[in-house]
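**Student:** Following the hints, put chain S in place on chain E, whose structure we already have.
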Amino acid sequence: MKNIKVLGTGCANCKNTLKLIEDVAKEKGVEVQLEKIEDLKQIMTWGVLSTPGVVVDGKVVHAGGVPARAKVEGWL
Amino acid sequence: MTAQTTTPHPDSRAVWAAVLALLGVWAVLYASLTPIADAALELMPLERGTHLAEAVHFFIYDTPKVLLLLTLIVFVMGVIQTFFSPERTRALLAGRRAGAGNVMAAGLGVVTPFCSCSAVPLFMGFLMAGVPMGVTFSFLISAPMVNEIALGLLLAMFGWKVAALYLGMGLGVAIVAGWVIGWLKLEHLLEDWVREMARAAQAEEAGIPEGMSWSERFASGRHHVREIVGKVWPYIVAGIAAGALIHGYVPEDFMASIMGRDAWWSVPAAVLLGVPMYTNAAGIIPVVEALLAKGAALGTVLAFMMSVIALSLPEFIILRKVLKVKLIAIFAGVVASGILLVGFVFNAVL
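As they're listed, the protein sequences go chains E and S. Position 33 of the first sequence, counted from 1, bears residue number 33 in this note's numbering, the numbering being contiguous throughout. Just remember that this note's numbering sits 1000 ahead of the position in the second sequence, which is counted from 1.
Keep in mind the hints are simulated off the structure, nothing from the lab. The beta carbon of each residue, even a glycine, is placed where N, CA and C say it ideally should be. Check each hint, because a few of them may be wrong.
Just some of the chain S residues that point at chain E, by a computed CB distance under 7 Å [said to hold, decoys possible]:
no.: 1; residue: Pro1086
no.: 2; residue: Glu1087
no.: 3; residue: Ser1118
no.: 4; residue: Pro1121
no.: 5; residue: Leu1122
no.: 6; residue: Met1124
no.: 7; residue: Lys1321
Okay, chain E solo, but in the shape it has when bound (with noise of 0.2 Å):
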């Protein structure tokens, strides 16, 4: 099972993000552990730049913005 974190400290763009990679999987059957992140100081630790970011499986996929949506599947 795959573990995505969501990097956020709360903004629309990252409740968006989130609600896409939910969608996604659950297209496509995928058993995902997803979690949020909004503590600023562990955001910071994965050294994002830009919200939302997005870690799959402990390596930081994407940053800055909803990603495409054929980026999650390549992701699931």
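**Tutor:** Quick look at chain S alone, frame taken from chain E:
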């Protein structure tokens, strides 16, 4: 990031052709704005020279003009931004000294994609990578202040000279304010945990995104247009409608006494008034144009606009997580002084 995104698109020539064709269509449309507005007015049972007719003409000429120029500028900015990611900008600024670093940071602030909700992670990330604090502030001031929407609208409504002055003054304030903050050596006014993290700097470096093909860059420009113009156009149309009403009905020098050049106190008043206001630049500019037409001084109006955009209460609240109150006050004070100066200079020169 998959390998697929880095291979150049085979049909990039077709994409270029499509973009050039669209530019051609744009130019033709732009050149025929006046004849179209004149012809449209002919069809209406209105007599030229009356208040109503002038207001309507103003509206049907200005609305497409502003939207066309805005679309072009936002598209170009969307494409330019694909060359500058925050990660790349940070790498360019790391270790720069004050002075040249402030100039670079202010310039990069204009072209790097930036959303005010990312201000804090960006601020932290810059400090942790060894970007000096003053240089970081130059970036943080210029990014929201030299706003592409404002630039586009100024260009559309007042011509390139005013737009260039706005750009130059915005950059100037960002450079000087950042330099002053760096010179004051205020690192002790960062929140403690921020200083600790910056010292430890154990953050994992996020990789610099790889290059893109031109078709991807154009797609990003198109996306930018959809996102920005798609969101702000109702405000612009409403703003121009308000402007059109004032245009036809309010006497020429109505605003001169309260916002004119002789009322020196109007500049600080405009800056103060702008702080609690936080709207997108697009909504107020058409109204601003109407104010100017009625005798308000350009410096006063520009000061108001910059204050609305660059000094915003919500942003200060976000920054409170990393800056002590005193530093936020200094930040606001330095930027406000810069804006005041811009206002007075414009009023004196023009």
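**Student:** For each hint, tell me whether it holds in the structure or not.
**Tutor:** For each hint, the structure was consulted:
1. Pro1086: With Cβ-Cβ at 4 Å, under 7 Å, it holds.
2. Glu1087: holds, 6 Å
3. Ser1118: holds, 4 Å
4. Pro1121: With Cβ-Cβ at 6 Å, under 7 Å, it holds.
5. Leu1122: holds, 5 Å
6. Met1124: holds, 5 Å
7. Lys1321: Holds - the Cβ of lysine 1321 of chain S comes within 7 Å of chain E, reaching about 6 Å at its closest.
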